[in-house]
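S.K.: Chain by chain, the residues run as shown.
Protein chains: 2
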Amino acid sequence: MTHTLASTPAADGYRMPAEWAHHTGCWLIWPERPDNWRLGGKPAQAAFTAVATAIAATEDVTVAVSARQYDNARSELPDTVRVVEMSNDDSWIRDCGPTFVVNDDGDVRGVDWDFNAWGGLVDGLYFPWAADDAVARKVLEIEGIDRYKAHFVLEGGSIDVDGEGTLLVTAECLLSPGRNPGLTQPEIEALLRDHLGVDVVVWLPSGVYLDETNGHVDNFCRFVEPGKVMLTWTDDPTDPQYERSAAALKVLESTVDARGRSIEVVKIHQPGPIFITAEEASGVDSIEGTLPRETGDRLAGSYVNSYIGNDVVVLPVFDDPHDAAAVAAYTELFAPRRVVTVPGREILLGGGNVHCITQQQPSGR
Amino acid sequence: MTHTLASTPAADGYRMPAEWAHHTGCWLIWPERPDNWRLGGKPAQAAFTAVATAIAATEDVTVAVSARQYDNARSELPDTVRVVEMSNDDSWIRDCGPTFVVNDDGDVRGVDWDFNAWGGLVDGLYFPWAADDAVARKVLEIEGIDRYKAHFVLEGGSIDVDGEGTLLVTAECLLSPGRNPGLTQPEIEALLRDHLGVDVVVWLPSGVYLDETNGHVDNFCRFVEPGKVMLTWTDDPTDPQYERSAAALKVLESTVDARGRSIEVVKIHQPGPIFITAEEASGVDSIEGTLPRETGDRLAGSYVNSYIGNDVVVLPVFDDPHDAAAVAAYTELFAPRRVVTVPGREILLGGGNVHCITQQQPSGR
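Chains as they are written, first to last, in the numbering used here: chain G, 349 to 713; chain E, 349 to 713.
Hints may contain errors.
[To be verified] To give an idea of the interface, some chain E residues facing chain G are shown, with a C-beta separation under 7 Å as derived from the structure:
{"no.": "1", "residue": "Ala415"}
{"no.": "2", "residue": "Arg416"}
{"no.": "3", "residue": "Asp427"}
{"no.": "4", "residue": "Thr428"}
{"no.": "5", "residue": "Val431"}
{"no.": "6", "residue": "Val432"}
{"no.": "7", "residue": "Met434"}
{"no.": "8", "residue": "Ser435"}
{"no.": "9", "residue": "Lys486"}
{"no.": "10", "residue": "Ile490"}
{"no.": "11", "residue": "Asp494"}
[To be verified] Computed list of chain G residues with no C-beta within reach of chain E, every gap over 12 Å:
{"no.": "12", "residue": "Thr352"}
{"no.": "13", "residue": "Gly361"}
{"no.": "14", "residue": "Trp368"}
{"no.": "15", "residue": "Asp383"}
{"no.": "16", "residue": "Pro391"}
{"no.": "17", "residue": "Asp427"}
{"no.": "18", "residue": "Gly467"}
{"no.": "19", "residue": "Gly468"}
{"no.": "20", "residue": "Tyr474"}
{"no.": "21", "residue": "Ala478"}
{"no.": "22", "residue": "Ile536"}
{"no.": "23", "residue": "Ala594"}
{"no.": "24", "residue": "Ala606"}
{"no.": "25", "residue": "Pro684"}
{"no.": "26", "residue": "Arg685"}
{"no.": "27", "residue": "Arg686"}
[Said to hold, decoys possible] Not close to chain E: a few residues of chain G, all C-beta gaps over 12 Å, as computed:
{"no.": "28", "residue": "Glu489"}
{"no.": "29", "residue": "Pro621"}
{"no.": "30", "residue": "Ala676"}
{"no.": "31", "residue": "Ser711"}
These are computed hints drawn from the structure, not numbers from a lab. Think of the CB as a built atom: it goes at the ideal place given N, C-alpha and C, for glycine as much as any other residue.
Same shape as in the complex, but just chain G:
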């Protein structure tokens, strides 16, 4: 059973573990909305199925799905994946799901942040978002995990931790006017410390160019081990991404983490640039109030947007010349984990990638 606690994780001795810490399982939400996913969501459903199947090889996977799509999801997903009914507004459980925290005894709790579709009425991506905002609580209820309710707008994709006291964020996202405009940067830092159990917050200026999440860090720069991050990069100084990546590198090079380490940066060259085709754009319903998907729009493609599972890493690839280098880098960075590639384009067309559609549930051990 789930109790909602009045304290904070840090006060109770809890912290967010790194993604490579052992998982009980992983959560996803089944994609369906035809104003975001082309062709009624069918290509995205195949891509999500590939991701879920890959992760299910080494940890339990649960896919939350609307009542409408329950039978179809149950039919498309393999028996190794659990399916539970859950209302949702879209399929980004990294952002609307709980952030799990653990203590030294291996107990697990969850943080339920406020969710407002990446910017609410300022620059959010759809309206309403009430079903998404309820997802974290529903996940914790199903699992019987105690809950901290954070009265603070945050998405799981906007944070990345090393599990040893250091947190990566982007100012572009966490200081965006659509999230917590009433809070100062120090107030936000204090809330992050209280809810994630971290000591040092590393503020990168911005994330990936045209990332509609206001530059989520999980699409841009993530820890691969304590003292080491991977950073989306481009060698083309005329690409708008260049300045963003260079600015982040500069910050990282002058950063000391919570344990006093300097940070090694592994550059991962971006794919593309990748643009929406006319055929792809034509497959998406046009609905007032949802971010449109238009021919020629540049997508925020990135190899950093992967999932670190128990014995696998699931990496999106794009049938792109840079795929091979990304696979090689991952193979070295995450050994002995097996690198499983999945076609990432259909997920990217919806506005994110493998990391955005997954949420690990740590075991605490």
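Start from chain G and add chain E according to the hints.
M.R.: Just chain E now, with coordinates in the frame of chain G:
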């Protein structure tokens, strides 16, 4: 994870345990439909909350609830009860939920029967019933319990077992034209044996007078231990219930159970008769296609319709002169279990009682 199995429980060594066997937990569905529950379901919600709370004292309780009612149910129910989102057409999980079966190793599986709202288009109580029919599968998915899909219309309230090979049913229900009109009585018996792991099926002619379920046995006659049943009774030979109870008694007196025992019958005098008041009838929405609730209708009140929990028995009472005798009988029959009474009228107004709204999940031990 849940696999759907192609065999049958009996073939795999599984059987339905008696309700008094140890439970992992209990499932309910939150009442809400205003064409069945008066005043928008509020009095029924209070009654269900009392039942869930009583059971939660000695086993885990999960309440399945529609998306619409999720927040309200979460708010009305205590923290000791788990709440999960699940579409439904009404709140009778005894009838639309899975029937759990166990083997000698303590493994647990579930039978997912066809559900057609107590008679489908012949004499069913509402239309549609597709959400209810999906409940059993969704429960098993959440729990990761393997599933047998029985292509056979049956409600859990129409069966009662002693856990030692004997099954009680009523012919009124199991041979009703709205359920499995294409099957003969011997064919139905064979399906019951295959899916419940029983050897002897005891056919009582009928159930409680005016029971809209076509005489579910769980409202009329149930095992309290092997070789002993409780039977709804009336001392009034002019009451239409009299003949029904007398006919059942006659069958039971000449029955030998699967272990060769004769069956002791404990009579429990019915409450009332209980009739719907004008105030009660006026609180229910009038909707084409749903069984109406009209002033003066006699309700199928019964003390047999209770829940046998791990250390408690939850018994509906009706502010009726017969309550005291029922409590006394239960106290003796189920010792050392504690008898917890709950006000049963608001549940009865919806068409059933405590047993109908609950579904135990055995632990297998």
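S.K.: For each hint, tell me whether it holds in the structure or not.
M.R.: Do the hints match the structure? See the list:
1. The interface hint given for alanine 415 of chain E holds, since its Cβ lies 4 Å from the closest Cβ of chain G, which is under the 7 Å cut-off.
2. For arginine 416 of chain E, the interface hint is violated, since its Cβ never comes within 7 Å of a Cβ in chain G; the closest pair sits about 9 Å apart.
3. Interface hint at aspartate 427 of chain E: satisfied, since its Cβ lies 5 Å from the closest Cβ of chain G, which is below the 7 Å cut-off.
4. Among the interface hints, the one on threonine 428 of chain E holds; its C-beta lies about 5 Å from the nearest C-beta in chain G, closer than the 7 Å criterion.
5. The closest approach between the C-beta of valine 431 of chain E and any C-beta of chain G is roughly 5 Å, which is under the 7 Å cut-off, so the hint is satisfied.
6. At a threshold of 7 Å, the smallest CB-CB gap from valine 432 of chain E to chain G is about 6 Å, leaving the interface hint in force.
7. Restraint check, methionine 434 of chain E versus chain G: the minimum CB separation of about 5 Å is within 7 Å; hint holds.
8. Residue-level restraint check for serine 435 of chain E holds (minimum Cβ-Cβ distance to chain G is 4 Å; threshold 7 Å).
9. A hinted interface residue such as lysine 486 of chain E counts as satisfied when its beta carbon comes closer than 7 Å to some beta carbon of chain G; here the least separation is about 6 Å, so the hint holds.
10. Because the closest C-beta pair between isoleucine 490 of chain E and chain G is about 6 Å apart, less than 7 Å, the hint holds.
11. The criterion of a C-beta within 7 Å of any C-beta in chain G is not met by aspartate 494 of chain E, whose closest approach is roughly 10 Å, and the hint is violated.
12. For threonine 352 of chain G, the shortest C-beta to C-beta distance to chain E comes to about 8 Å, within the 12 Å cut-off, and the non-interface label is violated.
13. The Cβ of glycine 361 of chain G sits about 22 Å from the closest Cβ of chain E, beyond the 12 Å cut-off, so the non-interface label holds.
14. Consistency note on tryptophan 368 of chain G: stated as away from chain E, and its beta-carbon is indeed over 12 Å from all of that chain's, at 24 Å minimum.
15. Taking the minimum C-beta to C-beta distance to chain E, about 20 Å, the non-interface status of aspartate 383 of chain G holds against the 12 Å cut.
16. The Cβ of proline 391 of chain G sits about 25 Å from the closest Cβ of chain E, beyond the 12 Å cut-off, so the non-interface label holds.
17. Not every beta carbon of chain E lies more than 12 Å from that of aspartate 427 of chain G, the smallest distance being close to 5 Å; the non-interface claim is violated.
18. Glycine 467 of chain G, annotated as away from the interface, keeps every beta carbon of chain E farther than 12 Å; the closest lies near 24 Å.
19. At roughly 20 Å from the closest C-beta of chain E, the C-beta of glycine 468 of chain G stays outside 12 Å, upholding its exclusion from the interface.
20. Interface exclusion of tyrosine 474 of chain G from chain E stands, the closest Cβ pair being 17 Å apart, more than 12 Å.
21. Under the 12 Å C-beta cut-off, the non-interface status given to alanine 478 of chain G relative to chain E is violated; the minimum distance is some 10 Å.
22. The Cβ of isoleucine 536 of chain G sits about 28 Å from the closest Cβ of chain E, beyond the 12 Å cut-off, so the non-interface label holds.
23. At the 12 Å boundary, the C-beta of alanine 594 of chain G stays outside the reach of chain E, the nearest C-beta of that chain being 46 Å off.
24. For alanine 606 of chain G, the non-interface assignment is confirmed: its Cβ lies about 35 Å from the closest Cβ of chain E, beyond the 12 Å cut-off.
25. The beta carbon of proline 684 of chain G is kept farther than 12 Å from every beta carbon of chain E, the shortest such distance being approximately 25 Å.
26. Listed as outside the interface, arginine 685 of chain G is consistent with that label: its C-beta sits roughly 22 Å from the nearest C-beta of chain E, beyond the 12 Å cut-off.
27. Here arginine 686 of chain G stays apart from chain E, with its beta-carbon at least about 21 Å from theirs, past the 12 Å limit.
28. The non-interface label for glutamate 489 of chain G is inconsistent with chain E: the shortest C-beta to C-beta separation is roughly 5 Å, within 12 Å.
29. Non-interface call for proline 621 of chain G relative to chain E: holds, since the shortest CB-CB distance, roughly 39 Å, exceeds 12 Å.
30. For alanine 676 of chain G, the condition that its CB be more than 12 Å from all CB atoms of chain E holds, with the nearest at approximately 34 Å.
31. Every Cβ of chain E is farther than 12 Å from the Cβ of serine 711 of chain G; the closest lies at roughly 16 Å, confirming the non-interface assignment.
In this structure, the earlier hints numbered 2, 11, 12, 17, 21 and 28 are contradicted, and the remaining ones agree with it.
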